[in-house]
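Residue numbers (my numbering), protein chains in the order written: chain A, 614 to 722; chain B, 120 to 234.
Please note that the accuracy of each hint is not assured.
Quick list of simulated restraints, FRET-style, between CB atoms [as the list claims (entries may be wrong)]:
| # | chain 1 | residue 1 | chain 2 | residue 2 | range |
| --- | --- | --- | --- | --- | --- |
| 1 | A | Thr692 | B | Glu134 | 43 to 51 Å |
| 2 | B | Ser122 | A | Thr669 | 17 to 25 Å |
| 3 | B | Ser199 | A | Arg628 | 46 to 54 Å |
| 4 | A | Leu686 | B | His201 | 37 to 45 Å |
| 5 | A | Gln637 | B | Gln164 | 16 to 24 Å |
| 6 | A | Asp677 | B | Thr174 | 39 to 47 Å |
| 7 | B | Ser158 | A | Ser640 | 22 to 30 Å |
| 8 | B | Ser191 | A | Ser672 | 21 to 29 Å |
For lysine to any residue, the following SDA-like pairs were computed, each having C-alpha atoms within a straight-line distance of at most 20 Å [unchecked claim]:
| # | chain 1 | residue 1 | chain 2 | residue 2 |
| --- | --- | --- | --- | --- |
| 9 | A | Lys620 | B | Pro159 |
| 10 | B | Lys180 | A | Gln711 |
| 11 | B | Lys168 | A | Lys620 |
The hints are simulated quantities; they were obtained by calculation from the structure and are not laboratory data.
Backbone N, C-alpha and C fix where the C-beta goes; we use that ideal spot for every residue, glycine too.
Here's the letter readout for the chains.
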Amino acid sequence: SAVISQKPSRDICQRGTSLTIQCQVDSQVTMMFWYRQQPGQSLTLIATANQGSEATYESGFVIDKFPISRPNLTFSTLTVSNMSPEDSSIYLCSADTQYFGPGTRLTVL
Amino acid sequence: AQSVTQPDIHITVSEGASLELRCNYSYGATPYLFWYVQSPGQGLQLLLKYFSGDTLVQGIKGFEAEFKRSQSSFNLRKPSVHWSDAAEYFCAVGAGGSTLGRLYFGRGTQLTVWP
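Chain A extracted, bound-state conformation (with noise of 0.2 Å):
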């Protein structure tokens, strides 16, 4: 099984700025994924995140606005770009389809 950490694991931010969010697994995966989480919603899936390539995104997400990072197996970043409210959301990392992060609860003003 994987572990996985993310950091930050709750911020508050101004509209207009910019949030990257780490996420960390204890050991090496293929597949890793960002999921978004409004408020009283399930789980949308942003991108999968390609090690040493552009990550993959789904139909409404776009790389300037979720730019993601995957240098190697057990690590990968998000960024949530020109933040708006309507960002706010709990982002959460995945790791081989059924392992989860805590997720990053995100609250933008």
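With chain A fixed as given, assemble chain B onto it according to the hints.
For chain B alone, kept in the frame of chain A given last:
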């Protein structure tokens, strides 16, 4: 395309009563199915999963689920609910025939437990 339906948005049961949370999926091939629980302010915890084999799957915390291909269902059950089971429950289906692919989630079922 894959999709997951959880028809019950909110379920209320008394402590000690039995529980069944419904999940129906849409997927053309053999699905990989999961149930997660999310307590308030917490991340997702995997309760159980089905990849293949025995269609009755045992999970943590006394939960079980049964895969019924003919009904495209993967309902979650517990014989006796505890107050600590109050949480949001998500059913999910894996995509692309891979055990490592992305998940499609249902909208969730909120469980309230009365003392």
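Hint check:
1. For the pair Thr692(A) and Glu134(B), the supplied restraint of 43 to 51 Å holds, since their beta-carbon distance comes to about 44 Å.
2. A hinted range of 17 to 25 Å holds for the C-beta pair Ser122(B) and Thr669(A), which are about 20 Å apart.
3. Under the hint 46 to 54 Å, the C-beta atoms of Ser199(B) and Arg628(A), about 48 Å apart, fit the expected range.
4. For the hinted restraint 37 to 45 Å between Leu686(A) and His201(B), the CB-CB distance of approximately 39 Å keeps it satisfied.
5. For Gln637(A) and Gln164(B), the Cβ-Cβ distance of about 19 Å falls inside the hinted range of 16 to 24 Å, so the restraint holds.
6. Look at Asp677(A) against Thr174(B): about 45 Å separates their beta carbons, and that is inside 39 to 47 Å.
7. For Ser158(B) and Ser640(A), the Cβ-Cβ distance of about 25 Å falls inside the hinted range of 22 to 30 Å, so the restraint holds.
8. Checked against the hint of 21 to 29 Å, the pair Ser191(B) and Ser672(A) passes, with Cβ atoms roughly 24 Å apart.
9. At roughly 19 Å between alpha-carbon atoms, Lys620(A) and Pro159(B) fall within 20 Å of each other, so this suggested pair holds.
10. Proposed proximity of Lys180(B) and Gln711(A) is supported: the alpha carbons are some 17 Å apart, at most 20 Å.
11. Between the alpha carbons of Lys168(B) and Lys620(A) the distance comes to roughly 27 Å, so the proposed pair goes past 20 Å and is violated.
Hint compliance for this structure: hint 11 alone is broken.
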